[in-house]
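With the hints as your guide, set chain B onto chain A.
Chains as they are written, first to last, in the numbering used here: chain A, 1 to 177; chain B, 178 to 361.
Bear in mind the hints are in silico, worked out from the structure with no lab data behind them. Glycine included, C-beta positions come from ideal geometry on N, C-alpha and C.
Beta-carbon label-pair distances, calculated as ranges:
hint, chain 1, residue 1, chain 2, residue 2, range
1, A, Phe17, B, Pro272, 50 to 60 Å
2, A, Ala140, B, Ala334, 29 to 39 Å
3, A, Phe156, B, Asp291, 28 to 38 Å
4, B, Arg288, A, Pro47, 46 to 56 Å
5, B, Met227, A, Phe17, 53 to 63 Å
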Amino acid sequence: MSESVSGQAFRDALAQFASGVTIVATRQGEQFDGLTATAFSSVSLDPPLVLVCVAKTASAHDAVVSAERVGISVLALEQGWVARQFARHGIDKFGGVPLVPDRGVPLVDGALAHLECRRHARHDAGDHTIVVAEVTAAWAAGGKPLLHYARKLGGFAAESTVHPETPLTTAANGERR
Amino acid sequence: MSGEILFLAGSPSPSSRSSAVARALGSRLEARGLRTGWYSIRDFDPADVMLARVQAPAVAHFVEAVRGASALVLSTPVYKATYAGALKAVVDLIPPDALVDKPTLGIGTSRLADHGGELAGAFRALFAFFRARSVGALVVLDDELTLGDGGVATFAAAAEERLTAVALALSLAVEEASPARAAG
Numbered sequence: 001m002s003e004s005v006s007g008q009a010f011r012d013a014l015a016q017f018a019s020g021v022t023i024v025a026t027r028q029g030e031q032f033d034g035l036t037a038t039a040f041s042s043v044s045l046d047p048p049l050v051l052v053c054v055a056k057t058a059s060a061h062d063a064v065v066s067a068e069r070v071g072i073s074v075l076a077l078e079q080g081w082v083a084r085q086f087a088r089h090g091i092d093k094f095g096g097v098p099l100v101p102d103r104g105v106p107l108v109d110g111a112l113a114h115l116e117c118r119r120h121a122r123h124d125a126g127d128h129t130i131v132v133a134e135v136t137a138a139w140a141a142g143g144k145p146l147l148h149y150a151r152k153l154g155g156f157a158a159e160s161t162v163h164p165e166t167p168l169t170t171a172a173n174g175e176r177r
Numbered sequence: 178m179s180g181e182i183l184f185l186a187g188s189p190s191p192s193s194r195s196s197a198v199a200r201a202l203g204s205r206l207e208a209r210g211l212r213t214g215w216y217s218i219r220d221f222d223p224a225d226v227m228l229a230r231v232q233a234p235a236v237a238h239f240v241e242a243v244r245g246a247s248a249l250v251l252s253t254p255v256y257k258a259t260y261a262g263a264l265k266a267v268v269d270l271i272p273p274d275a276l277v278d279k280p281t282l283g284i285g286t287s288r289l290a291d292h293g294g295e296l297a298g299a300f301r302a303l304f305a306f307f308r309a310r311s312v313g314a315l316v317v318l319d320d321e322l323t324l325g326d327g328g329v330a331t332f333a334a335a336a337e338e339r340l341t342a343v344a345l346a347l348s349l350a351v352e353e354a355s356p357a358r359a360a361g
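Bound-form chain A, shown alone (with noise of 0.2 Å):
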């Protein structure tokens, strides 16, 4: 038996976990590149770094990992369609998005979050590469989060109660602790 977890299952397990939804974008000159990205993180304080994980089959995944500076967004519930134009191959991913004007990094208006970026370190994993990068601007507007859940992009309900009482459940054997 193998050891390996099936790409079905791990695919199946990892949708259950509901994330933000980011584009991360570059350009050199006039050539603009840029992909959507729900596999972001933050990873330290000091300094200040994040983390995003590219698919190496992404056609935008060289320009992304080679790239000195990088402009991240956090996008806004009604920026479905700005996530999905930038998921797509072979189209203007930036046709019809209004950037922040003047900045040095493409970075996505009416996003609720933008990061600008310096490349800080590559590490190679797997069919990914992860690029960590350093923050040197940040600025948030806030309003109503894009989520990414169960293959799906929706919005956020916060929990009306909180109930610290409730206990924990295990979802691999379905047994309260």
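Just chain B, lined up with the frame of chain A:
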């Protein structure tokens, strides 16, 4: 300023897919109360274009229309991984200062996704040369587009979404670039 959004169709074919996408965008813009004007590379005497006869009446009239337009939209099929050469020949007749700060959009239809990306980059470089206020390109892949009777385009959901996005972006750019007109 005439305030028209000027379309230049770059396909030599009368039943062009890229022209159908341009017409679909034009309908969207007209529905938002914007006026459109239409040119095709077929309107020109090929000799005027190939020999850059800028004094020819048809060419002079076109250049005047471009200068007076509130925006310029180019449409083209992908030929040899980029825009049609005939379209480029007409664009070469436009004086280099005629599009400064003017909203522009490229429309392209492509069979291959790789070429769609190349076309988007080619439009970006072209509009950057003119120092235009580009809203980018609307690239529609062949499997996202069906032509019905009378050349009416029907789009797959993803392409429809991009069409809506560029229509909004272009109309906003026109309004921002022509505040007097928007106020009146």
